[in-house]
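If you want the building blocks of each chain, they are given just below.
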Amino acid sequence: MKTLDFTRKIKIDIKTYTLIIALLFIWLLFGYLTGGIFFSSRNLSNLLRQMTIMSFLSIGMTLVIITGNIDLSVGSLTGFIGIIAAYLQAVMLPEILQGLFPNLSTGGLGILSTIITIIICLLVALLAGICQGYIIAYLKVPAFIATLGGMLIFRGAILGVSGGRTIVPVENSLRWVAQGYLPKNLGILVAAIAIIVIFLMSLRSRSKKKQYGFEIKPFTYDFLVASAYSVLVLGFVLIINNYRGIPNPVIIMVVIAILVTYLANNTKFGRYVYALGGNIEATKFSGINVQFVIFKVFILIGLLSGVAGIVLTGYVAAGTIGGGMNYELTAIAGCVIGGTSLMGGKGTILGALIGTLIMASLENGMSIMNMSVFWQYIVKGLVLILAVYVDVTSKKSSS
Amino acid sequence: MVYSIFISENCKKSNLYGSNNILKDEYILRIENVTKDFPGIRALSNVSFKIKKGDIHGLCGENGAGKSTLVKILAGVYPHNTYEGKIYFNDEEIKFTRFSVRQAIEKGIAIVYQELALIPEMTVGENIFLGREPEHKGTISWDRLFSDAKEILKKYKLNIPFAAKVSALSVGKQQMVEIAKALSQEVKVLILDEPTSALTDAEIKSLMEILKYLKHNGVTCIYISHKLEEFFRITDNITVLRDGLVVNTVKTADTTEEKVIAMMVGREMKERFPVRNRKIGEKILEVKELSTQDILSQGKIAIKNITFDLKKGEVLGIAGLMGSGRSELVTTIFGEYGKHVTGEIFLEGRPIKISSAREAVNYGIGLVPEDRKKMGLVLMQAIYKNISLPNIRKFSNALSIDKHKELNECRKYADSLNIKTPSLFAITESLSGGNQQKVVIAKWLMSTPKILILDDPTRGIDVGTKYEIYKLINQLAEDGIAIIMISSELEEILGMSDRILVMHEGKCTGILEQKEATQEKVMALATGTKNYSEV
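Chains A and B, in that order, give the protein sequences. For the first sequence, this note's numbering begins at 1 and goes up steadily by one. For the second sequence, this note's numbering begins at 1 and goes up steadily by one.
Since the hints were made in silico from the structure, they are not lab data. We put the CB at the ideal spot given by N, CA and C, even for glycine.
Taking lysine-lysine and the DSSO-like style, the derived pairs with C-alpha atoms no more than 27 Å apart in a straight line are:
1) Lys268(A) with Lys394(B)
2) Lys521(B) with Lys466(B)
3) Lys268(A) with Lys373(B)
4) Lys405(B) with Lys209(A)
5) Lys346(A) with Lys405(B)
6) Lys412(B) with Lys284(A)
7) Lys405(B) with Lys210(A)
Some, not all, of what chain B presents toward chain A, calculated at C-beta under 8 Å:
8) Ala360
9) Leu367
10) Pro369
11) Lys374
12) Gly376
13) Pro390
14) Ile392
15) Arg393
16) Ser400
17) Ile401
18) His404
19) Lys443
Working from the sequences, and respecting the hints, build out all of it.
This is the structure in structure tokens:
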């Protein structure tokens, strides 16, 4: 019987390590240049919140790029959903709801309005994803073209809905979704639950391995690994609690990231996504409905653009016509820096998150340093090219 | 007269006595002890022979005998340091290294490949002068380019409009453009790798005329073909290759088609094929009058009116040369070849319609495709992921994959097939060809098929692994799985099959029972040699 190095799977691949090192380097650099302001709890909290909107897009984009496709419409779709959210809250819903429930308080109406807004926005985003997915997967229009068209269409729709004006006001409850914080005690509770889950998963994995006769590492090793993750979680929550608590959108981001990572690694769907990105012919010849998989990937990114749009409007507290402009490019850059291959077949959600965090850190750090916007663009562009260059050369030397 | 390896050795010795001049004049190419290895397989082994100046020299052998590898070395596709041995061109050793293809062209060695290498959206003239466009002060002089192109086409009596887009031409005409492109350069040696496989009879005739014209003008030609009669129409000498070895070089005038066939296939059957306990059961698959149009060239037929049946526990061999439609036949059955399919397929007596691989898999049909890298494997992924790809349903519910169960199952199949790897997490690309093929087979075995189609399963695989695969096929047949096996190797077909379906140009030219089948009979049916059918 062959011994299988099952534990190899647990290790995060080397690319993620280099990414984390790059991220730490950038952080230390900014920490030094800003005289420590960069590392203040307040700034770290802001930094994380700044990356959230982009992270929804890059999480979805990772799957799209793994299948060998691209989605250029996410920025416009985010803006479009954002403007719909604002329109619903500022123009449509107040009158309707007031008519339906005259007895509710203003606060109650606001919360109801926000709930309805979120549901409608997600449905519209879902529909947009279905349309684009159908056109790409079944009508076989190349994703680049289909989503380029989508980008123009949604941008046009933004102007149509808004009439060219910024739409205000939005309900406080919607603003809370994007600007609020989790109470500090709750934050600690969440950390505690996370730590318990980490240890339970470690134990479960051990017993499964035992059941199928795979090699298992000594108990102390697994215990130390789980403890290390626990320290990270707890440390994160304590630092962030030092300011006002965990920002709500960060919680949404973490939940979505965990869900999609699970989807990618532990479900048939995820397996097919990677397989068809690696070799669509071989996947088709294995009897897999590749069109349906691609269809679903585009539905998912549509939905995630919807989440991004809702959070965007809550964060800006208005629907603006420039909302989501160029977000698709930053999202793609985040994925690529995070190690997702534009050739398809490779990439991780964690990588995309770190990539997005790197882009957000650059922006945040340079803003603190009061660098002009034009420099910010140039530096971000250079970092993107550098990241891909490093990726390409490392691939060359390994093959 | 016969030039064998041994005689060429003698010639070399006779050089010592000072007759160097004769060699210089007589042979334009001398190939000495050329050996070329690919990972896991020796493509050429100590190949030595000589080609006379001004000759048309035929190169023949079964698929995988090493013909294409050899001419690719001559044309510089494989640079000097990737093979062993020496090649002399006009008595000067040639060592193409950097830009080796260009160096070969500059020497005057041009090759026309089996697969077309033209740019479809460019005109005939542009294609002919691609990379050598006549320039005037940095801009392309289109007038000169087209007038030169026109002249070349006229010189070789090629009836092709020089300004037409290549994509608008028939495959045969495109082949002619390819030849014109080679001839537009100072060619001393022209290599044609199966130039006629896509040509009509009339086109073949005009190609033969061109070759005679070239010969008249002192150009040497190396001619590879599967159609034996062509060798007898134009070549002066024929070198037969088999399993990377030179069998012999003979004068065309002194030999016959039968003798050449015997040389191509003529080794005795050793104990190379394991014995099977034949337990042939009831009919499981029936194919009636199956026809498909070629997906690449419109109007051409890929397969025509194929009728056969397949029984449980039976190994049905499909023989045929490359381009005979054998892969197209099985891909059609698997539901992945084009949309214009006519005919009927019955599975266990019920008529079925398969229009995608997914349906085929659901019916219990598995396909180990011809091109395992392109259609069989996701090379960048771990071995276990490839094995479980068609079978994930077995380990998963709506929410998750039971990875431990998956790995456990994959390990069972990997062990029973003896896949040599340090870990199932290794990238599939890192395996040798034979082990990669085992991964493809493993993934289908796990799906417990009723019918397993193997398209050239031992191509590019070393002898030892071949034997393992044969044993595996026998085991599967004994377990009652019906097997269709395509092979390029006659011996394999004869050694493994219960019945052999032979194809030629998209048609079934015969179904032979194992007892009556001989290599010569199969080869005759496969080459469409009419006067040979009564052997």
